[in-house]
Amino acid sequence: MEKAMRDAFGEALVSIGKENDRLVVLDADVSSSTRSGKFGQAFPERFFNTGVAEANMADMAAGMATCGYRPVISAFAIFLALKSTDQIRNVICYNNLPVIIAGGYAGLSDSFDGASHQSITDLAIMRSFPNLTVLVLSEADDVEPVLRQALEIDGPVYIRMCRNSSPVLNKKEPLTIGKAQVLRSGSHITIGACGITVPMALAAAEELEGEGVEAEVLDLGSIKPLDRETLLESVSKTGCFLSVEEHSVLGGLGSAVAEVLVKSRPVPMDFVGVDDCFTESGPYDPLMEKYGIDSKSISRKALGLTARK
Amino acid sequence: MQTLKLSNKELQAQAQRFRIDVLKTLHDKGTGHWGGSASIADLLTYLYYRRMNIRVDEPQWEDRDRLILSKGHASPMLYAVLEGRGFLEKGTLSSFRDLNSSLQGHPCMNKTPGVEMSTGALGHGLSVGLGMSLISRMKGNSFYTYVIVGEGCLNEGQSWEAIMAAGKFAPEKLVLLIDYNKVQLDGTANEIMPLDPLADKFRAFNWNVSDRTFDGHDMESIEESFRWLDEQTDGPSVIIYDTVKGKGVSFMENSNAWHGAPVGDDHFEKALPELTEQLAKWEDD
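So the protein lines, in turn, are chains G and D.
Okay, so the first sequence: first residue is 1 according to UniProt numbering, each after it adds one.
Okay, so the second sequence: first residue is 1 according to UniProt numbering, each after it adds one.
If we strip away everything but chain G, and leave its shape as in the complex, we get:
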């Protein structure tokens, strides 16, 4: 069974909007794609389509937040992270304003549109801003609970979502801010993944079992704050760590984990992600495979890593 995060996003906004009359949503002319337009249909007076002007949209939301309203800004992740970087840093984060920054079509998921639309540096940028909570959703069922948690936080939150349908994981709990979830226990290697790569990591763990390797799989979608305790506990047991993300290997989840491990418990590490290059157009799954973001690549790197212990 599969469901797209963006569909869940549109539905969740409507559902929360019924209960919270201070929820306002802004989109930059992609509301039919991100599905924030569903909120616009339900609550036209609380929906603002700002046109293709992400910078202005981000600061408008900041102004609204200062007046006690709870804005969600919605657009493609790459344009939020790069066209409104200054606004997110200098106004939203500097002032610690409760704006939810909802980046859709993240990673390579806008696959046919090519490098201009593929967001492989957003985590590196967002992670470096003080006050900002950074979350990567791994399935559609995460969307509404995470939005509700984000609305309880008195500060800005970046939520990264994939465009395409993805497997329903039937996790015990939805993504929880500040918590890692152990999806599978193992003793030979820790595989920490986020977003759409979580099911790939689980599939790789199945493959590894056939090779005699027991992999522990963590959903590390709460990139910031990162659950240091669960992470350290896991690597203390397994002795090595493989990060998996639909992002550049520079500055994303792998870097966040490395920053923790190098200080507290250095262990052999390796990284699955886009290897510091611009990506290209194509069908989503073959595109991901081309850049080594698939279960086979995860298994291969995991085997190499366990051999280094």
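If you're looking for bench data, these hints aren't it; they were derived computationally from the structure.
Model, not experiment: these values are computed from the prediction.
Some hints here could point you the wrong way.
Residues on chain D that point at chain G, a partial pick, calculated with CB under 8 Å [claimed, not checked]: (1) ALA121; (2) SER127; (3) VAL128; (4) MET132; (5) PRO273; (6) GLU277.
Just so it is clear, CB atoms sit at the ideal spot from N, CA and C, and this is done for glycine as well.
Given the coordinates of chain G, assemble chain D onto it according to the supplied hints.
Quick look at chain D alone, frame taken from chain G:
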């Protein structure tokens, strides 16, 4: 509303005292922006002493009028006026840009009472003000949002995104106040990035624009500009003030050299008597 019963002449004198306070502070600190601070002294004084619906003892009062100083480098003048009006304790201005001071180099809303938005990176103010004014309308037209920009802000593309969006969303209590001193850091506006015909640009974006510009250093003229504003009934409004960068010190006026240069002893000793002499004229008239 906590208004003060000051005449225009008294307001004019008060603005001049703020110029003197700021010049002394910038001289003492050896840092800060004189040119753009001096050019908005009269407008800020009018706003905070005559126009704005504010509560000094309750800076976060929900229905207060908002003022965003988008040209955040003019922070010393904003701080001087906030101190004069009672938002800050007397003497706070002297800690401008000090380590651990509540007065940052550029305005910070979380450190300084009365500052509505952190600014400094140019071009943000109008977008933020648009967001505030849309909430004002949603809540029943309760408060005005004033945004002060200079040429530098209007060089930024984001300002024009905001001008376009304000034309679309048309909040009636959004007011853009342009400190049009025609000089920016690297030279004159005409050399660096010409903005004329400025009023026509706003008309084309469906803003309310007055038929004339106003003298940003004359309280009667500033008062007239707000009488014009009060006649506008819908949509965003822009008021263009002719101002002089570095106003009040003859050798600093209209000069990009005094955008942000430190005020050394020699220059301070020449400048202070000029400002004091003008103040005496307002006080004696």
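Please write out, lowest number first, the hints stated earlier that are contradicted by the structure.
Hint check: 5, 6 fail, others pass.
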